[in-house]
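Colleague: The listed protein sequences derive, respectively, from chains W and Z. So the first sequence is numbered by my numbering: it starts at 1 and just counts up by one. So the second sequence is numbered by my numbering: it starts at 1 and just counts up by one.
Treat the hints with care, since some could be wrong.
Distance windows between CB atoms, simulated [as the list claims (entries may be wrong)]:
#1 Z:THR14 to W:ILE186: 51 to 57 Å
#2 W:HIS134 to Z:ILE16: 40 to 46 Å
#3 W:TYR310 to Z:ILE16: 39 to 45 Å
#4 Z:ILE16 to W:GLY269: 50 to 56 Å
#5 W:VAL124 to Z:LYS32: 28 to 34 Å
#6 W:LYS81 to Z:LYS32: 26 to 32 Å
#7 W:GLY154 to Z:ILE16: 31 to 37 Å
Short, incomplete list of chain W residues facing chain Z, as computed with Cβ under 8 Å [as the list claims (entries may be wrong)]:
#8 THR62
#9 SER66
#10 ALA69
#11 ASP284
#12 ILE287
#13 THR301
#14 PHE303
#15 LEU306
#16 TYR313
Cross-link-like lysine-lysine pairs, in silico, DSSO-like; alpha carbons within 27 Å at most [claimed, not checked]:
#17 W:LYS64 to Z:LYS3
#18 Z:LYS32 to W:LYS160
#19 W:LYS299 to Z:LYS6
#20 W:LYS36 to Z:LYS3
#21 Z:LYS46 to W:LYS36
#22 Z:LYS49 to W:LYS163
#23 Z:LYS3 to W:LYS133
#24 Z:LYS32 to W:LYS365
#25 Z:LYS28 to W:LYS365
#26 W:LYS365 to W:LYS299
#27 W:LYS299 to W:LYS34
In case anyone wonders, no lab produced these hints; they're calculated from the structure. Given the structure is predicted, the values throughout are model-derived calculations rather than measurements. C-beta: ideal position from N, C-alpha, C; glycine also.
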Amino acid sequence: MKKIYLGVAFLYLSVLGAFAQTDSTENSLYKNRKLKVEEANFVSSYYHQEGNNSAVTGGIGTEKLSDFANSFDVTLTRFDKTNRLHTFDFEFGVDHYTSASSDKIDPTTISSASAADTRIYPSVNWSVKDDIKHYSFGAGASYSQEYDYSSIGGNINFSKFSKDNNRELGIKLMAFLDSWKVIYPIELRGNLGNGGYKPRNSFNASFSLSQIINTRLQMSMLLDLAYQQGQLGTLYQRVYFRDNSVHAEKLPESRFKIPLGLRLNYFAGDRFIIRSLYRFYTDDWGINAHSIEMEAPYKITPFFSLSPFYRYYTQTSADQFAGFQQHTSQHNFYSSDYDLSKFTSQYAGLNLRFTSTDGILGMKKFNTFELRYGHYNRSNGLNSNNITLALKFK
Amino acid sequence: MNKISKLLLFTFFTGIIGLTFTSCTSVKEYNKMYLNDSEMGLSARKIQKSEMNFMLYREGASGGNGGKTGGGCGCN
């Protein structure tokens, strides 16, 4: 009898013990430390613009330009011994453009080398997130190379989260050390020479504050302090004075910029999201700008959404800007680049997004398909179309 | 930009900050279903990179929206 009691007690304890077991992978203290692929993204876009204020030809002439841009990035993650999440981002981009106005640097040639160019831009970023101590930090490096321009960039960042993860304060410091090949318009090469390189350096400090306001509303504020120095004028852009003499664009060798942004995102009902951004910008070249963006994703199903978007932008003219044959020799700095003129612009379009946790087109890892088209219209006549395809594998 | 505009802008941003911090509630992780939606993210999305890039080149102002503010030429 004693053996039966002991047997029943052993069986009972065994069953209890079996139910008390938990899957070790679900234990919050255990994290898989192997490096794993979190996601991969492929983004491809085609951009085409038309206009008649080319800076290369002194503010007149075609601005026709096409750009085919492609980028691929992969994100890897792993946990370390103290359960901090390490994230590694690797990105590689290739752009190829054709530009009618660049071809006018030396119009004596038919379809010169400057009519088209290819830019490559790899980058790598690493970040560490500590969910227990509520902070993250990271660093990154980037490189960009095209025919006459190269850029080496570096950044460091730090963020602190509140205990309830409802607030985040972040700072990011960036530096870009660029080198620009000296190319003058063909008719100015005899006086000014040609060749060699000039530096252009940019230093940015970005501060951000994001805050969850309630279960449907969150916001962020962004403040950048940006300083540029070096060759800021584009030497192959012509400026025609009133006396019809031609000069290479001349701009100050430093520029201080302060953009300030406020983003508010709101989830209304169960299907409708409002994404909004207001941005103010000022700099010491005399440009003040405001932009407002609204995007309204509507979820037709939980996995398929359509998002119309609209952006309005306005800026004042830079002090150094004047149009074709408007400058005089009394001006210390001069440019006929209409990107620095007073104008307003509007950008509107539609974003189509399809996502599935089970995979798209039978491919289990194919997580998201997105297509975005936008039309851009500037008050001084420039207009463009942009179409982008983005694929996410997860 | 005149002083009145600067004052209005300062009032706008400080007002937003003030309103934000006085009206926000602590939201628990299990109540973040809407906030965690992939289209509610506060940073610009990858598909917007191309348009941010050409706006950076075609407009005199840049930055303040989480985008690139330096590097690369942008001269075409």
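Colleague: Against chain Z, with CB atoms and a cut of 8 Å, does the hint on W:LEU306 hold up?
Modeller: violated (11 Å)
Colleague: Is 28 to 34 Å right for how far apart the beta carbons of W:VAL124 and Z:LYS32 are?
Modeller: holds (30 Å)
Colleague: Given the hint that W:LYS36 pairs with Z:LYS3, test it: the Cα-Cα distance must not exceed 27 Å.
Modeller: violated (54 Å)
Colleague: Tell me if the interface restraint on W:ILE287 is satisfied: Cβ within less than 8 Å of some Cβ in chain Z.
Modeller: holds (5 Å)
Colleague: Range first: 51 to 57 Å. Now tell me if the beta carbons of Z:THR14 and W:ILE186 are that far apart.
Modeller: The hinted range 51 to 57 Å holds for Z:THR14 and W:ILE186, with Cβ atoms some 54 Å apart.
Colleague: Given the proposed pairing of Z:LYS49 with W:LYS163, does the C-alpha separation stay at or below 27 Å?
Modeller: violated (32 Å)
Colleague: Using the nearest Cβ pair, does W:THR62 come within less than 8 Å of chain Z?
Modeller: violated (12 Å)
Colleague: Holds or violated: is the Cβ of W:ASP284 closer than 8 Å to a Cβ in chain Z?
Modeller: violated (12 Å)
Colleague: Holds or violated: W:LYS365 and W:LYS299, Cα atoms, limit 27 Å.
Modeller: Cα-Cα ~22 Å, so holds.
Colleague: Do the alpha carbons of Z:LYS46 and W:LYS36 lie within 27 Å of each other, as the hint requires?
Modeller: holds (21 Å)
Colleague: Grab the minimum C-beta distance from W:PHE303 to chain Z and call the hint holds if it beats 8 Å, violated otherwise.
Modeller: Violated - the Cβ of W:PHE303 stays beyond 8 Å from chain Z, reaching only about 11 Å at its closest.
Colleague: Need the status of pair Z:LYS3, W:LYS133: alpha-carbon distance at most 27 Å?
Modeller: violated (43 Å)
Against the hints set out earlier in the document, violations occur for numbers 2, 3, 4, 8, 9, 11, 13, 14, 15, 17, 19, 20, 22, 23, 25, 27.
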